[in-house]
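J.: So that you can map any letter, position 234 of the sequence shown is 234 in my numbering, and since no number is skipped, the others follow by simple counting.
Derived by calculation from the structure, the hints in this document are not laboratory data. Using N, Cα and C, we set each Cβ at its ideal position, and we do this for glycine too. Heads up, a few of these hints could be off.
[Claimed, not checked] Straight-line alpha carbon distances no greater than 27 Å define the calculated BS3-like cross-link-like pairs of lysine-lysine that follow:
#, residue 1, residue 2
1, K502, K5
2, K249, K281
3, K369, K532
4, K544, K532
5, K166, K229
[Stated by the list, open to error] Derived CB-CB ranges, DEER-like:
#, residue 1, residue 2, range
6, K65, K282, 25 to 35 Å
7, K529, D167, 44 to 54 Å
8, I474, K199, 37 to 47 Å
9, Q444, G346, 45 to 55 Å
10, S373, N533, 49 to 59 Å
11, N409, Q62, 43 to 53 Å
12, E424, Q289, 37 to 47 Å
13, A234, M418, 28 to 38 Å
14, I474, E144, 35 to 45 Å
15, Y503, N533, 22 to 32 Å
16, Q289, C91, 51 to 61 Å
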Amino acid sequence: MDHSKPTLAIYAVQDRSDSDTPYFVHDHAITLMEKGNVIKHLTFERLSRLKHDNKLHRSLYQVLKDEKLLKDDFDLVFPDNVVGRAMISSCGKLRYEGPLNEFLYPHIEKGKCWWLDHERSAYSINHELAHIGSCLPFYQQFKENSLLVHFDGGGSLSNFSAWQYKDGKLTSLEYHWNLKYLSSFFNANALVFGIIGAKFNEQNSVPGKMMGLAAYGQYSKPMEEWLVKNDYFANCWGSKAKVFESIKKHFVWNENQLSTQDCFMQDVLATLQHIFIRELKKELNRLQQHTGAAYLYYTGGSALNIVANKDIVDSAMFKDVFIPPCPEDSGLSLGAAAFVEWQKHGTIARHSPYLNNWALQKNVLIDSKELDSIAQQIVAGKVIGICNDFGEIGPRALGNRSIIARADNKQLAEKVSMAHKGREWYRPVAPIMMEENAKYFTGQDQIHHLADYMLIDLPVLYDQRKQLEGAVHIDGTARIQTIRNKEQNPFMYALLLLLHEKYQIKALINTSFNKRGEPIVHSHEDAIKSAKNMSLDGVVLDGKWHTLT
Numbered sequence: 001m002d003h004s005k006p007t008l009a010i011y012a013v014q015d016r017s018d019s020d021t022p023y024f025v026h027d028h029a030i031t032l033m034e035k036g037n038v039i040k041h042l043t044f045e046r047l048s049r050l051k052h053d054n055k056l057h058r059s060l061y062q063v064l065k066d067e068k069l070l071k072d073d074f075d076l077v078f079p080d081n082v083v084g085r086a087m088i089s090s091c092g093k094l095r096y097e098g099p100l101n102e103f104l105y106p107h108i109e110k111g112k113c114w115w116l117d118h119e120r121s122a123y124s125i126n127h128e129l130a131h132i133g134s135c136l137p138f139y140q141q142f143k144e145n146s147l148l149v150h151f152d153g154g155g156s157l158s159n160f161s162a163w164q165y166k167d168g169k170l171t172s173l174e175y176h177w178n179l180k181y182l183s184s185f186f187n188a189n190a191l192v193f194g195i196i197g198a199k200f201n202e203q204n205s206v207p208g209k210m211m212g213l214a215a216y217g218q219y220s221k222p223m224e225e226w227l228v229k230n231d232y233f234a235n236c237w238g239s240k241a242k243v244f245e246s247i248k249k250h251f252v253w254n255e256n257q258l259s260t261q262d263c264f265m266q267d268v269l270a271t272l273q274h275i276f277i278r279e280l281k282k283e284l285n286r287l288q289q290h291t292g293a294a295y296l297y298y299t300g301g302s303a304l305n306i307v308a309n310k311d312i313v314d315s316a317m318f319k320d321v322f323i324p325p326c327p328e329d330s331g332l333s334l335g336a337a338a339f340v341e342w343q344k345h346g347t348i349a350r351h352s353p354y355l356n357n358w359a360l361q362k363n364v365l366i367d368s369k370e371l372d373s374i375a376q377q378i379v380a381g382k383v384i385g386i387c388n389d390f391g392e393i394g395p396r397a398l399g400n401r402s403i404i405a406r407a408d409n410k411q412l413a414e415k416v417s418m419a420h421k422g423r424e425w426y427r428p429v430a431p432i433m434m435e436e437n438a439k440y441f442t443g444q445d446q447i448h449h450l451a452d453y454m455l456i457d458l459p460v461l462y463d464q465r466k467q468l469e470g471a472v473h474i475d476g477t478a479r480i481q482t483i484r485n486k487e488q489n490p491f492m493y494a495l496l497l498l499l500h501e502k503y504q505i506k507a508l509i510n511t512s513f514n515k516r517g518e519p520i521v522h523s524h525e526d527a528i529k530s531a532k533n534m535s536l537d538g539v540v541l542d543g544k545w546h547t548l549t
């Protein structure tokens, strides 16, 4: 590595099959960092407009050329995947092959790279370590005596890995597939897919749906015993008759199909969610007892489970819990680049989550007249798209690529979610609010910092739920995003403050600016097209109100 050079990380490993829908590999991305700062980042789906796009290798040459990145004056690093460590652009001019090994190393590894017409140095970083690295841009440094955990559907050599940062040294503790059955509840379980009504190639959309529907059910010990005895019906693809026969043998159930409306099926999902949380906490507690770690850094796709996150925080196993806003694979290139930059310079600058800046300009207007005009639209019950500044990294809309509306109207929330976005009836929308209002709705003296990234659910006081009824889930919780100060998001803070002080509106619905099955919008052009397609009432582009025609 050359400490004087920037770092360019490219996640573009080809999938096992060349299907239209991502299978093992998804969310290709590119990140350029220099001296601990993110210069450019692209979650490829935002540019290609294909959800979870894993075809970056097809256009990698042109994408880099357009941003003048086809040059040698940076260190190259490539995150890998369970399917392999090779990346070859379709034009054949960019090629990388990483070394194959049987161990998960706590450092990068040198591979073979051909760049345009010559060979050059480049490095591999294992999938697991890239996930761990994705924490650095948001927390700058791992705290002394920290446990670092990655947990997802599958990485390089594991789906669960644990590391320790102590005395300035990163050490690998363990990596294995022992918890694969838990993550498979959300992305590879035939019974779950049947209840949700998803096909196997729709695996990336199932976790959020399952978590939303699980809140309608209740955990049952007899149901858990039944599920365990039948190996969770993980592989009952195309054989639902056997499932029905087993249910009727052990329970009172007179239906003949799987349905999201069925209370029994809702209890199945609630029971699986309960098992996931309980067993994950056991694993974390074991590791904490073994290491004596004071802090937890937690990442990988499983870290998007906000109910589990709350239980981990509430358990007080650790002094604090840190999760990046992009714990899933969209954060791999960022994590790879950040890890290399950390090794070079010893620290990373603290970043906001608004890092999707590829080919965008920063030019947000905060004008009092514009703000009041937007506020009046919101007060009148309008549904508005926001496309300000750079886009968020990760799957959560955090105010710059959001659809917003009043959060005190359940019918309006259903209209936003189902009519405008085309989502299922059981999936909640989240609210965004100032910190003081988050304390008001929850009765808590302190709001955990994971709420800044919508990574924790918070119980809403019963007496306050009516004022937030559009964003309170069936279990009385809400995935609140907290805006603590104007530095966090200047435009959104100014709008929320105005709505609070002038119109007594304490919160807004905040859901991602995309229709079901589409990526979050990236450019102004995307925003206008998507807003028209969803029949929104208007759109805000860099702080300016635009009526759709």
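J.: Work down the list of hints and note, for each, if the structure agrees.
T.: Consistency of the hints with the structure:
1. K502 - K5: 50 Å, violated
2. K249 - K281: 32 Å, violated
3. K369 - K532: Between K369 and K532 the Cα gap is close to 25 Å, so the pair holds against 27 Å.
4. K544 - K532: At roughly 17 Å apart (the allowed maximum being 27 Å), K532 and K544 satisfy the hint.
5. K166 - K229: Violated: K166 and K229 sit about 41 Å apart, past 27 Å.
6. K65 - K282: 25 to 35 Å: At 50 Å between Cβs, range violated.
7. K529 - D167: 44 to 54 Å: 53 Å, holds
8. I474 - K199: 37 to 47 Å: Because 26 Å falls outside the window, the suggested range is violated.
9. Q444 - G346: 45 to 55 Å: 36 Å, violated
10. S373 - N533: 49 to 59 Å: The hint (49 to 59 Å, Cβ to Cβ) is violated, given that S373 and N533 are roughly 24 Å apart.
11. N409 - Q62: 43 to 53 Å: Roughly 46 Å apart at Cβ, these two residues keep to the hinted range, so it holds.
12. E424 - Q289: 37 to 47 Å: Given range 37 to 47 Å: holds, Cβ gap about 40 Å.
13. A234 - M418: 28 to 38 Å: 31 Å, holds
14. I474 - E144: 35 to 45 Å: 41 Å, holds
15. Y503 - N533: 22 to 32 Å: 29 Å, holds
16. Q289 - C91: 51 to 61 Å: For C91 against Q289, whose Cβ atoms are near 52 Å apart, the range 51 to 61 Å holds.
Checked against the numbered hints listed earlier, the structure breaks hints 1, 2, 5, 6, 8, 9, 10; every other hint is satisfied.
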